[in-house]
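**Student:** Sequential numbering from 29 applies to the sequence shown in my numbering.
None of these hints come from the bench; they were simulated from the model. Quick caveat, the model's predicted, so the values are computed rather than measured. Don't take each hint at face value.
As the list claims (entries may be wrong) - With a straight-line Cα cutoff of 16 Å, these simulated EDC-like cross-link-like pairs (lysine to aspartate or glutamate) come out:
#1 K86 to E60
#2 K86 to E38
#3 K86 to D55
#4 K86 to E41
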Amino acid sequence: GMAWRTPQPEALEAILRFVDHIVEVTDQEVGEAMRNIFEDTHNCAEGAGAASVAAIAKEANIRKGLKVAVVISGGNVDRHVFASILSEHAPEF
Numbered sequence: 029g030m031a032w033r034t035p036q037p038e039a040l041e042a043i044l045r046f047v048d049h050i051v052e053v054t055d056q057e058v059g060e061a062m063r064n065i066f067e068d069t070h071n072c073a074e075g076a077g078a079a080s081v082a083a084i085a086k087e088a089n090i091r092k093g094l095k096v097a098v099v100i101s102g103g104n105v106d107r108h109v110f111a112s113i114l115s116e117h118a119p120e121f
């Protein structure tokens with residue numbers, strides 16, 4: 029998850045030790061990633077699970093030509109929230 033104010037000391041230690049790059053994404057970018065995941069793969073990902081896709085999309089220009097993998101996890105999203113996210117920028121048929 030991403031919704032907590034104080035990091036767990038062990039998690040922060042691992043991040044500081046092993047992570048060399050962090051990408052900050054907005055709520056709108058995460059919502060777009062959730063929509064894209066659903067539209068492209070028919071899978072449901074909660075915000076925390078879609079954040080990795082949002083980060084890759086944000087940096088697509090510097091990752092061009094590289095093989096990139098992300099973990100998409102979590103379907104723990106409220107159905108009303110998910111419906112609202114999916115309806116934003118919905119294609120017209």
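**Student:** Could you work out which of the previously given hints the structure breaks and list their numbers from low to high?
**Tutor:** 2 and 4
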